[in-house]
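Trainee: Single-letter residue listing:
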Amino acid sequence: MSEALAAVETAGTDISVPAASGAHRFWRRLRTQRAALVAAAVVALLVLAALAAPLLTALEGQDPTTYHPTLIDSARGGVPIGSFGGASADHWLGVEPQTGRDMFARLVYGARVSLGVSLGATLVQVVLGVAMGVAAGLGNRWIDLILSRITDIFISMPLMIMALALLAIVPDSFPRPVLVALIISLVSGWSTTAKMVRAQTLALRNLDYVSASRLSGWSTSRTAVRELLPGLAAPVITYAALLIPQNISAEAALSFLGVGVKPPTPSWGQMLTSADVWYQAAPQYLLLPALALFVTVFAMTVLGDGVRVALDPRAASRLRIGTGRKRESRAEKAAQAPNAAAAKAAQVPDAAVVKKEGRA
Amino acid sequence: MRQPSVIARRVAAASVSLVMAAGAAACGPKDNDAKGSGGDSTPRKGGTLTVLNSEPQADFDPARLYTSGGGNVPSLVFRTLTTRNRENGAAGSEVVPDLATDTGRPNKDATVWTYTLKKGLEFEDGTPITSADVKYGIERSFAPELSGGAPYLRDWLVGAAGYQGPYKDEKGLSSIETPDARTIVFHLNKPEGEFPYLATQTQFTPVPKSKDTGTKYESHPVSSGPYKVVRNENDGEHLVLERNPNWSAATDTERKAYPETIDVRSGLDSSVINQRLSASQGADAAAVTTDTNLGPAELARVGGDKALAARVGTGHFGYTNYIAFNPTVKPFDDPRVRQAIAYAIDRSSVVNAAGGSALAEPATTFLPNQKSFGYTPYDPFPAGKAGDPAKARELLKQAGHGNGLTITLTHSNDKNFETSPEIATALQDALKKAGITVRLQGLEDNDYRDKTHSVKTEPGFFLAHWGADWPSGGPFLAPIFDGRQIVKDGANFNTGLLNDKSVNDEIDAINKLTDLDAAAKRWGALDKKIGDKALVVPLFHPVYKRLYGKDVKNIVISDWTGVLDISQVAVK
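Residue numbers (the working numbering), protein chains in the order written: chain A, 1 to 360; chain B, 361 to 932.
Because the hints were derived from the structure by calculation, they are not lab data. Among these hints, one or two may not hold up.
Stated by the list, open to error - Below, simulated EDC-like cross-link-like pairs (lysine to aspartate or glutamate); rule was C-alpha separation at most 16 Å, straight line: (1) B:Lys793 - A:Asp63; (2) B:Lys792 - A:Asp63; (3) B:Lys811 - A:Asp172; (4) B:Lys775 - A:Asp276; (5) B:Lys478 - B:Glu614; (6) B:Lys745 - B:Asp789.
Only a predicted model underlies this, so the values are computations on that prediction, with no experimental measurement involved.
Could you put the whole structure together from the sequences, leaning on the hints where they help?
Mentor: As C-alpha cells, then:
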C-alpha cells in the first residue's frame, strides 16, 4: 500500500519519466513510417480475422472440420474438383484435397492457433527474460553467475529436439496450443531476452540516477521497478516485436513436424505439412497457408522494425520529423511574434506618450 | 506363425512393415497385360535395368533376409526349393517349384515333407547344388549372428527351438534329412499344410559350406540364380548384379532374366524416385522401383497426363487396415457399442483419406479380397458407402448411451496413411453424425506399436493393420484370432483377446489340410464367423500404383507381392 502510494507520488513528481509525452513521441515517430503503419493495419486485420473466425465462417456457411467427399475426385487421389482448388460461392478459397474440408474456414481458424500461440509465447518470453536479466544484472556475483549459466544452457538447447522430447512425455490431456506456446517460449527466445536485459541493466545500474536511488536507501526491487524498467522498456519492446514472427515460424515448424496442435484443429504449419506433397497437383493447398504465414511474419517484422526505430532516439533522428524542436521554436516564434508586435504597439504609444510627455 | 517366441513375434511385426514396403512396390499396366507397353513390345535380352529404391538391400544374406515369396531383388540371386508363380494377378499368388521338382510331397498328416532337387543345378562357380547345401543354408539361419529371418522354421522343425546354428553345433538339425544329394526331408512338430509357402523364403537357399564366411557372406553370397553380386556398397545401398553364366534357364521356368546388368540404387526419397521415373531421362528410362508407390498427390498429377498414366502399374497385396477393439476396456466390452461404430463409419471418407479409390478399396472382410486367402464376401454390419448413423444411434440407445458417447481413438502420428491422423480424423467426422464424440490420442510411432501390442497397455479403440507372410488365410487369421497366441508379457497381436475353443480347433483342423484350395475355403468361412463378433472393423485394403521408366517392357505384377517382378522385366 505504502509502496503503491510512493509509486503514485513518484509518478507525479518524477520528471525524468514523462510517460504521456513518451507515448506521444513514440506515436509521432511511428506515424511517419508508412510501411510500419501498413504493417500495423495488416496485423490488426489478421488478429481481427482470427478473433472473428466463427463469425466469418458462419458468414461463409462452413466450418473447418466437416468433410465434403462430393467435392473431391476420389479416383485421382482426392484432388479438389474444379479450378483453383474447387473455389466457389460456397467455398471461397476452395477445399482441401482428400477430405473436402473448407480451406477458408481452416485458414481463419488456423490463424487463431498461429497468432495465439506466438503472442502467448512472446509474452512468456518477455516476462521471463526481463525477470532473469534484471535479477542477474542487479544481483551479486553468485546470483549473476548462476542465472547467466542457466541462460547459457537454454541458449544452447536445440529447440526442435527439446520440443520433440517434451511433447513425448507430457500427458495427452494437456491442452496442446498452451503446451506448444510454453515449449516455444521456454526453450527459445527468453534466454536471449535475458542476456540482452542483463547487459542493459549492467549499463544502467552505474548511471547516476540509479546510483542515487540505491544510495538513498531504496531496496533493490524498488530500484529495479522504478529506475531500471522504464529504461529497459524501449529495447525490450523492440526485441519482443522481433520475437513474434520468430515464434510464428517456430509454431509452424513444430506443427510441420507433426508435434504441434492436434488434428482436426487446423494451424498454418500443420496445413503446410499435409500440403507439401500437393504443390503440383493442388498448388493452392500449399500456397494459401504459405501466403498467410508469409504475410503475417513479414507484417510483424516490418512493424517490429518500425517500433524499434520509433523507440530509438538515434534511429528516430534519421526520420524526417527530427526532434520536434524546430517546430517548437517556430511555434514559439509564432507565439512570440504577436507579443512582440503588441509590445511594439504598446511601446509606440508609450513612446508617444513619452514624446508627448517630453513635448509636454 | 505357430506359437512364436516374444522375439519372433517382434520380428514378425517388423516383417509386416518390410513386406509392406515390398508390397508397396506395384507395377504393371492396368489391364494386367503381360506384354508391357510401347509399339515394339517383344522383350529382348541385354541392357542395364536400374532399380530406384528407398530401402537398401541391407544384410544381403539368405539367412538374414525376411521376405515374402523370396523377395524381388534377392530372388534374382537366391533360388529356393519353391517360389511364387511369376504371373499377373491371382495366378501369381500360387506356389510353384523352383529348385525342387514339385512343391513338396507331404505324408498323410502333413508333418513330413519331402523334396527332390532338379538335375543340372549349379552355383555361380560351377559346382553342383546338393541337398546338403540347402540343409546347411537353413541351419546357418539359426545362428544368432545371422538373425533376421521369419520365426516359422524354429517353431515348426522338430528339435529346432534351442538350436544355435552350425557354427556352434556342427551336428546340425536331425529333423532335416538328406538321404542322397538330390533329396531333402523335413520333419515338423505338427501338421503344416502350408509348408510349401514357407519354402519360398530365402532361408531355403543353398549355401556351400566351403564358401560360408559367416557374417561377411552378405558382401558376396554365392549365387544360385540368374545374377551374381559383383558390387555391394554401404550394406546394400548400391548393388550391382551381373549375369551368372552357370545359371541354366532350362532348370528355371520362373525367372526370365532379360537384362545383362541390374543396378540397384537405394536410400532415395520416395518423391525423388517418382520424379525420376516420371521424367524417365537417361538411365532412368530403363528404371523401375520395387518399394515405392505413388502417393495421392502424385497420382493426381499423373492422372492428368496420358503418357504418364500409361506407365503406371497396379498391384494388390494381401493387406487389411482395420479398427481394433480391446473388449476389456469400457464401453467396448459391450458388443452393441462395437457394432454401432461398425455401422457409423464412413468407408468412402476413410478411403479418400487413404489416397482415394485408386489407392484403397473399402473392406468389410478381415481377409484380403483375394481368392488365395479364401476371400468370402460378407458384411455383418452394412454401413453402406457413407455409414448408417441412424442404425448406430439405435444400437447406442439400446446399450444405454442414448445421450451420446465420448470415446478415445488411439492412432499413430506417423504419416503412413494407414494408422495416421488423416484416417483418424475421417473416422472422427463420421462418428460425430451418430452422436459419438471421438477424442484423438496420437502417439509417436514406436510408442504406438508398443502400446497397442501389449496386453497391459492396449487401448480400447485404435487403428491397426495386418499383412501376411504369404497369400493364405493361415498367417492372416491365426496371429490375430488364435486364443493360444495371446502373449501376456510381450508383443501380442491378438488385440481382441479372443480365446474361443471352436475358433482354435478350426485353425488346427485347417492346418492339417494339404489341399490349399480346400484350406482357403475354410479360412474364408472362419473369417466370416469371427467377423460377426465385431472385434475388428475392416476399413480398407490398399492398392499400389507404381511408375516405371518408358523403356521398361514385360510388366508382371502378381497378387502375392503386388510388386513389379524384376525377374520378368526387359529393357530392350
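Trainee: Now tell me if each hint is right for this structure.
Mentor: Going through the hints against the structure:
1. A hinted pair counts as satisfied when its Cα atoms are at most 16 Å apart, and Lys793 (chain B) with Asp63 (chain A) qualifies at roughly 15 Å.
2. About 14 Å separates the Cα atoms of Lys792 (chain B) and Asp63 (chain A), which keeps this hinted pair within 16 Å; it holds.
3. As the CA atoms of Lys811 (chain B) and Asp172 (chain A) are separated by approximately 14 Å, the hinted pair is consistent with the 16 Å bound.
4. Distance hint between Lys775 (chain B) and Asp276 (chain A) is fulfilled; the C-alpha atoms sit about 12 Å from each other, no more than 16 Å.
5. For the suggested pair Lys478 (chain B) and Glu614 (chain B), the alpha carbons sit about 14 Å apart, so the restraint of at most 16 Å is met.
6. Pair hint Lys745 (chain B) plus Asp789 (chain B) holds up; C-alpha atoms about 15 Å apart against a cutoff of 16 Å.
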